[in-house]
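S.K.: One-letter residues, chain by chain:
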Amino acid sequence: MAVEQPMRTSAAPQGDQTRIHDIGYRGYDGPRLGRSYARLSLYSQSLRGAYGLGRSLKSKVLPMLLFAVMCVPAAIMVAVAVATKAKDLPVDYTRYAIIMQAVISLYVASQAPQSVSRDLRFKTVPLYFSRPIRAADYVQAKFAALASALLVLTAAPLLVLYIGALLAKMDFTDQTKGFGQGLVSVVLLSLLFAGIGLVIASVTPRRGFGIAAVIAVLTISYGAVSTVQAIADAQGSTHTVPWFGLFSPVTLVDGVQSAFLGATSAFPGGAAAGPSHAQGAVYVLVVLGLVAACYGLLIRRYRKVGL
Amino acid sequence: MSPKDPYDWSLTRRRLSGLTTGVARVTTVVDVTVIVTESLSKRFPRVTALDRLSVDVGPGVTGLVGANGAGKSTLIKILLGLSPASEGRAEVLGLDVATEGAAIRERVGYMPEHDCLPPDVSATEFVVHMARMSGLPATAARERTADTLRHVGLYEERYRPIGGYSTGMKQRVKLAQALVHDPQLVFLDEPTNGLDPVGRDEMLGLIRRIHTDFGISVLVTSHLLGELERTCDHVVVVDGGKLLRSSSTREFTQTTTTLAIEVTDSDEHPDGTRAVREALAARGLDTHDGSGLPGAGRILLLTAEGEETYDVVRDVVADLGLGLVRMEQRRHHISEVFHDGADHANAPAAGHAQHAAADHAHHPKEAAGHGG
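So the protein lines, in turn, are chains F and D.
Counting from 37, one number per residue, gives the positions in the first sequence under this note's numbering.
Counting from 1349, one number per residue, gives the positions in the second sequence under this note's numbering.
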């Protein structure tokens, strides 16, 4: 007594011969997790993308290479320190990122355009905004993702140094304090670099322009500031040196950490040229102001992009 | 249409799947209306994109036709809650676009007119990501992606990077990302753009299936009325941001049907065309030649008043002993709608009942040179 079932019903009559069923279109009545979930998905996709995960093999090469370049010197230092039973690491935790700044800049320059210029160039942005998320969600997800990616890049070598230092049986409290200070410093650096990189990259859909512009802003500004500081120092006006440091991202981070995080300033003129606490407060305000400004600019930019 | 129009009630089911003017909504379609706009206006500093547009769109496939710049994309942006209207209000699925945009965007899909696909990821990866952006959990996103890509006709190629796809395949991926979260309504902006005739037909068939098989309502824009006639239940024509016409597709082609006739010659009537013209004139039917069209001089055009006209033509040709090479409906060119649209705008549903049976000679032959 088999009643012929319409094709759309998926339940095959028992004991029947094998049949191919076209199950047709099935609706979705499961959960819809909404805005915050979508923002989190965009964050994780962007963070993975910043290391080429989930993308082509070719796009994994550069970020992974830069990551290795960041970590290998730390590993060598640790190996030397352990082998020679040194009492202290050859480089301060806070100093490491300043020394490796070229690598960090290169990473920002390559990955910030990857993160936002692609969406602009291939006009994927309207697809995001036709979904529950808004411009602010998009910006938060992208900003957080790049800052996290930078934090991974800058904190990983510090972790190598820290573990190495503990293996070499250096003073625990001393090393932990230094490591903590280093972490605070690279968090600030990651936020600042991610903001600047994204703002520049979000202006152009052309990836090449984005890369060049980010490199220019990060490294040329550092070169110019260092040169001016060196001249000021040579002219004997050492007291002006810290003020010039406000004009490039790297010297900003350097100034903050030499004022508050026990770092030795890399400014020309040495430790004496580092900013005082009052000047340091200005540095902190400028850094936070810049991060906030980058966020504001990004929001404004994406309000306009719309559909 | 008057709310008291008996047709409105007797064929409620059909009317429901349609689109009526704002007045009728009060009577029957209030519960099932998918899109309502009430004197919706959008003004930019230099241009008025929408000018007091009031339409109701019910479930089914609805075409939004207008020349480029007629305000179609602006309307979609407002309906997605992404661009505030200057004046008036609109609801999508019963949600106010001004205040409940996020809820609307969770329930609708959107396929943009332009390219929107990154070339270096596969269709699967891309659509999964877009499903998650719509709030689907990871496993559901993957299942829905596989299902949806199969339904739009992408099989093995879905694992390859999108950069290597043909235009037709890219359009399918764009459609899939609009459908992957099983919306109640999709906005398709010029989905047939850039497709060859075969791809165009396939896309139109797919759009039809979105409603019939998937149960999802569709608002599809085009600047070609001809292709929407075949796909849509209802058509809204806008021009310069104003509503020109809003009626069922049937009415569009049947309120004034132009018949084209071509006959053979015989020994008795060396000029068969002329003989038919004279015989028809004797029966009170005016004809004119289709000058400017291919085969001009051999083709007679006349206005079909109703079903009887077809019989008259058949009898006349038979009486003269000629062969009837063709008798077909000439469909409207979009510009004709623009020309006489003003007359119809206020009475869109007038007199469609008596044309209901005229299904003869249903060979769509579109006049040359569509275009806005």
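In short, the hints are calculated from the structure, not lab data.
In this text the structure is predicted, and so the values were computed from the model without any measurement.
In this text, a Cβ means the ideal position worked out from N, Cα and C, and glycines have one as well.
Be aware that one or more of the hints could be misleading.
Said to hold, decoys possible - Estimated spans, in silico, between C-beta atoms of each pair:
no. : chain 1 : residue 1 : chain 2 : residue 2 : range
1   : F       : 341       : D       : 1416      : 19 to 25 Å
2   : D       : 1391      : F       : 279       : 45 to 51 Å
3   : D       : 1512      : F       : 260       : 42 to 48 Å
4   : D       : 1393      : F       : 84        : 38 to 44 Å
5   : F       : 339       : D       : 1442      : 25 to 31 Å
6   : F       : 276       : D       : 1391      : 52 to 58 Å
Stated by the list, open to error - No farther apart than 27 Å at their CA atoms in a straight line, the calculated lysine-lysine pairs in the BS3-like style are these:
no. : chain 1 : residue 1 : chain 2 : residue 2
7   : F       : 159       : F       : 96
8   : D       : 1590      : F       : 94
9   : F       : 94        : D       : 1518
10  : F       : 96        : D       : 1590
S.K.: Mind listing which of the numbered hints don't hold for this structure, in increasing order?
M.R.: Hint check: 8 and 10 fail, others pass.
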